[in-house]
Amino acid sequence: MFLACWSLASAPHCLAAPTHTVAVAVSPKNFVSNVTLGDLRKIFGGEKRTWPDGSHVKLFSRAPGTTERAALLKLLGKSELEYKQFWTAKVFQGDAESEPMVLPSSGMQREAVTAYPGAITLVDATDIKPGMKVLKVDGKLPDDDNYPLRP
Amino acid sequence: MLRRGLLRAGQMIALSTLLGGTASAQDSILADRETIRQLAQQIRQLQEKVAALEAKQGSAPSTTADTSSVPASGDASASASQLASFQEAHEVRGIRWRGFGEVNYKVLNQRQPELATFGFVPGSAGNFYTGDFDLFLTSKISEKASVLAEVIIGEGDAQRFDIELARALLKYDYNDHLRLSIGRYHTAIGYYNTAFHSGKWLQTTVDRPLVMEFAGDGGLLPTQALGLSVTGQIPSGKLGLNYIAEYGSSDTVRPDLDDGTVVDENNGNHVNLGLFLHPESVPGLQIGGSYYHDRISDFLKGPSVRLAQTVINGHLVYAAHSFEILNEAFLIRNAYEQGGPISNMPAFYSQFSRRFGKVRPFFRYQYVNTNIKSSYHSDVLLRHGPSFGARYDFNESIAFKTQLDHTIRKGSPDLDGLQMQLSFAF
Chain A
1 MFLACWSLAS
11 APHCLAAPTH
21 TVAVAVSPKN
31 FVSNVTLGDL
41 RKIFGGEKRT
51 WPDGSHVKLF
61 SRAPGTTERA
71 ALLKLLGKSE
81 LEYKQFWTAK
91 VFQGDAESEP
101 MVLPSSGMQR
111 EAVTAYPGAI
121 TLVDATDIKP
131 GMKVLKVDGK
141 LPDDDNYPLR
151 P
Chain B
152 MLRRGLLRAG
162 QMIALSTLLG
172 GTASAQDSIL
182 ADRETIRQLA
192 QQIRQLQEKV
202 AALEAKQGSA
212 PSTTADTSSV
222 PASGDASASA
232 SQLASFQEAH
242 EVRGIRWRGF
252 GEVNYKVLNQ
262 RQPELATFGF
272 VPGSAGNFYT
282 GDFDLFLTSK
292 ISEKASVLAE
302 VIIGEGDAQR
312 FDIELARALL
322 KYDYNDHLRL
332 SIGRYHTAIG
342 YYNTAFHSGK
352 WLQTTVDRPL
362 VMEFAGDGGL
372 LPTQALGLSV
382 TGQIPSGKLG
392 LNYIAEYGSS
402 DTVRPDLDDG
412 TVVDENNGNH
422 VNLGLFLHPE
432 SVPGLQIGGS
442 YYHDRISDFL
452 KGPSVRLAQT
462 VINGHLVYAA
472 HSFEILNEAF
482 LIRNAYEQGG
492 PISNMPAFYS
502 QFSRRFGKVR
512 PFFRYQYVNT
522 NIKSSYHSDV
532 LLRHGPSFGA
542 RYDFNESIAF
552 KTQLDHTIRK
562 GSPDLDGLQM
572 QLSFAF
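As they're listed, the protein sequences go chains A and B.
Positions 1 to 151 (the numbering used here) are the ones given, in order, by the first sequence.
Positions 152 to 577 (the numbering used here) are the ones given, in order, by the second sequence.
Treat the hints as calculated values from the structure; they're not laboratory data.
Treat the hints loosely; a few may be bogus.
Claimed, not checked - The calculated DSS-like cross-link candidates involving lysine-lysine, where the alpha carbons are at most 27 Å apart (straight line), are:
no., chain 1, residue 1, chain 2, residue 2
1, B, K389, A, K90
2, A, K136, A, K29
3, A, K140, A, K48
4, A, K90, B, K295
5, B, K452, B, K389
6, A, K84, B, K509
7, A, K90, B, K452
8, B, K509, A, K90
9, A, K136, B, K389
10, A, K90, A, K48
11, A, K48, B, K322
12, A, K84, A, K29
13, B, K295, A, K29
14, A, K90, B, K291
Here the structure is a predicted model, which means the values were calculated and not measured.
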């Protein structure tokens, strides 16, 4: 068990997050606080491309082999090869500009969600830092029972 | 300190290399991404070395490499600039190029030569051909506006090549509910045409189903058009309802399969309306349909004799968890506006495949039944039969496919074929 802290809505929270749980991190400026698993699948599948306020979703991912990547592939129901080919197809279909940008560290993930109001990324719950806003998924936080996002 | 120093050094190398790279090679986004990947790898290696050194010194290893790489407050500006350089490298302004290519070998036991397409020589025992070489470019104009174009260099007879502007679109994405495109597009009749476009690498099989083949290559439908397209999501909760509406000129020109004589349908302006579902409860499932309507001329009776052309499509597609299941049915209806015989021509295909590692075996059955009394497609008549084969992905960009076809033709001998294709994306 590791201690993770973040700002949820306006108040900072700390909790003991179980290992191998993946959190959904967005910009603190994003007023969304809960997403359904279906919405999350559409967001990371490039199908839902704008937030409710009209700002564009900006996807960031981690490299193959990471906990976050495993959770992402599980969420989309794809292998690594299928994921790469899926994004090539999305670009060719005109539905995406490129594959989501791969960031090599959680520090850069934090900078990404700070710098881009529309940013969203999956972060190992143990790597959550102040400055990241964690979304509930189907009303649950990473340390809740039956949290749906696990690699 | 040693750890942070090494990390900082790695980040500075990455930063300087990226900045140099973006300045000198704006048109090379793929090279930049590869550079980023390599640099990230180098950073990881440095982190591993640091961890090993720390272990030797008796210090406690970090829980994860990533956590340790999160900069302290003093390093925030360095990380932010590194992110900015990553972002710059990833989203270079200007034109982004992608492409698809293919090399094919095909054998048919064809006694009477049929139409040659993609460079295949009809009546030959078998020959190589390059098919389409596809250059795809995009350019972002603003946050919501972009340009997309697809240029195809296609092989004709005797290794001669022609250039076609397959798509050229000015796109404006207002939000998820309203996405506009104007220009030349692939019509959204059904699923296949807008899922796979012209990239053979994208599709599992070697070729497209005959009904969905591009009209210029003998297909039955108006696959390309020039006009306006609007698409988006309809608020429908977990149903995931989407719409598409197109208005444009398809101006279809199709060669006769028997003798290659080109027939111009002399189209008017078409309307194409489609609805499809992506239900949340079954990710990967798409159920939908479309209605296409146009007015075309009867080329046998003269341009003043007009036909109402209607194409109705229904499709059910599942693509997830290694499965790809495609099912589409069509009804092509040509009716004289002045009264007279009506031609109803049904067609469908079903395709099933599942990936096992790098291999994806597939099976497809297709059926087309056109009307001999119709001015159009009377060269096709009844054709149906299975295709089966496999696709092998060497990596994320190169695939080899092999396919056996058996086609039963009304009024002609059955046709057996072997096709092999090396397709690639770059």
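Hint-by-hint comparison with the structure:
1. Under the criterion of a C-alpha separation no larger than 27 Å, the hint pairing K389(B) with K90(A) is consistent with the structure, at around 22 Å.
2. In summary, the hint linking K136(A) to K29(A) is supported, as the alpha carbons are separated by about 16 Å, within the 27 Å threshold.
3. With a C-alpha separation of about 21 Å, the suggested pair K140(A) and K48(A) falls inside the 27 Å cut-off, and the hint holds.
4. Taking the CA atoms of K90(A) and K295(B), the gap is about 17 Å. The hint holds against a cut of 27 Å.
5. Taking the CA atoms of K452(B) and K389(B), the gap is near 51 Å; set against the 27 Å cutoff, the hint is violated.
6. Annotation: proposed proximity of K84(A) to K509(B) holds, straight-line Cα distance about 13 Å (limit 27 Å).
7. A distance of roughly 44 Å separates the Cα atoms of K90(A) and K452(B); the hinted pair therefore is violated under the 27 Å criterion.
8. This hinted pair checks out: K509(B) and K90(A) have alpha carbons roughly 21 Å apart, not beyond 27 Å.
9. The straight-line distance between the Cα atoms of K136(A) and K389(B) is roughly 18 Å, inside the 27 Å bound, and the hint therefore holds.
10. Restraint check: the Cα-Cα separation between K90(A) and K48(A) comes to about 13 Å, which is no more than 27 Å; the hinted pair holds.
11. Proximity of K48(A) to K322(B) is assessed by CA-CA distance (about 17 Å); at most 27 Å being required, the pair is judged to hold.
12. For a cut-off of 27 Å, the pair hint linking K84(A) to K29(A) is broken: about 30 Å separates their Cα positions.
13. For the given pair, K295(B) sits about 21 Å from K29(A) by alpha-carbon distance, which is consistent with the 27 Å threshold.
14. With a C-alpha separation of about 16 Å, the suggested pairing of K90(A) with K291(B) holds against the 27 Å cut-off.
In the structure shown, a violation is registered for the earlier hints numbered 5, 7, 12, in ascending order.
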